[in-house]
Amino acid sequence: MLSLARLAAAASLAVSVWPNASAAETIISARYTDPTTRYDHGILGDAVEWGALEVTLDNATTRRFVLPETLVYEDTSPRLADLDQDGSPEVIVVETSLTRGARLAIYGPSGRLARTEHIGRKNRWLAPIGAADFTGDGRLEVAMVVTPHLAGRVELLAYNGTELETIATTSGFTNHRIGDRLIAGGIRDCGDGSQILLAQMPWRDTGDSPMVALGLQDRMLVPVPFSVPFTDDNVTKAQACTLAPE
4 MLSLARLAAA ASLAVSVWPN ASAAETIISA RYTDPTTRYD HGILGDAVEW GALEVTLDNA
64 TTRRFVLPET LVYEDTSPRL ADLDQDGSPE VIVVETSLTR GARLAIYGPS GRLARTEHIG
124 RKNRWLAPIG AADFTGDGRL EVAMVVTPHL AGRVELLAYN GTELETIATT SGFTNHRIGD
184 RLIAGGIRDC GDGSQILLAQ MPWRDTGDSP MVALGLQDRM LVPVPFSVPF TDDNVTKAQA
244 CTLAPE
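Counting in this note's numbering, the sequence shown tops out at residue 249, every number present.
Simulated from the structure, these hints should not be mistaken for lab results.
It cannot be assumed that every hint is accurate.
Here are the in silico distance ranges between beta carbons for each label pair [stated by the list, open to error]:
| # | residue 1 | residue 2 | range |
| --- | --- | --- | --- |
| 1 | T239 | E28 | 28 to 36 Å |
| 2 | P205 | T39 | 27 to 35 Å |
| 3 | D140 | V69 | 28 to 36 Å |
| 4 | R115 | R41 | 17 to 25 Å |
For each residue, glycine too, the CB sits at the ideal point set by N, CA and C.
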């Protein structure tokens with residue numbers, strides 16, 4: 004049975020944005036639909052994933068993108084971000100193959116625009132962190148943790164309109180525990196550039212895990228530790244700039 008927490012997260016609007024009258028078509032909200040049990044991973048605490056993505060446009064029309072039986076959306080909710088800064092947001096999702104694991108995908112009003120490669124085997128997942136300008140070029144990069152329960156590989160991806168390019172990686176950090184219904188962590192910018200807030204691995208149900216902020220320096224993701232553990236409350240304080248790294 005689909006948990007109420009996951010149902011609410013998936014059905015909620017990812018981000019609210021103002022319609023852009025100059026754009027031909029602008030996505031203003033997105034949600035997952037068509038719950039399915041065809042993939043038995045259960046990494047988000049239950050056996051139900053999603054078979055379709057529904058986007059609403061600024062002209063009040065909706066569009067549905069239905070995956071083939073070999074794929075599911077293995078995610079909490081879609082994320083909206085204007086990656087190319089053209090005034091119209093894209094949708095960031097996790098698509099998972101029943102045999103080759105997860106990949107990150109970007110959607111526009113007409114469908115999929117870009118994607119990463121699948122991780123390569125069944126029951127391998129990735130957890131998106133969010134999008135922000137890490138390079139200072141005015142465009143937003145996408146941050147994610149690939150296999151957050153194994154290697155904890157953090158990847159920073161640049162979107163050029165047709166492809167996603169990995170521009171920096173590091174390992175040993177996470178934003179999710181097996182069975183958690185939500186993805187933790189996030190991104191902050193307190194005047195020194197965008198930073199990713201994550202837990203240093205291992206992050207378990209019992210015991211504290213150090214919280215770190217990863218920033219981009221010379222095309223490398225460099226961690227700076229906090230003196231407090233990784234918790235939702237401390238992440239919120241760090242994003243509000245009331246809590247700083249050491």
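Against the structure, the hints come out as follows:
no. : hint                      : verdict
1   : T239 with E28: 28 to 36 Å : holds (34 Å)
2   : P205 with T39: 27 to 35 Å : holds (31 Å)
3   : D140 with V69: 28 to 36 Å : holds (35 Å)
4   : R115 with R41: 17 to 25 Å : holds (20 Å)
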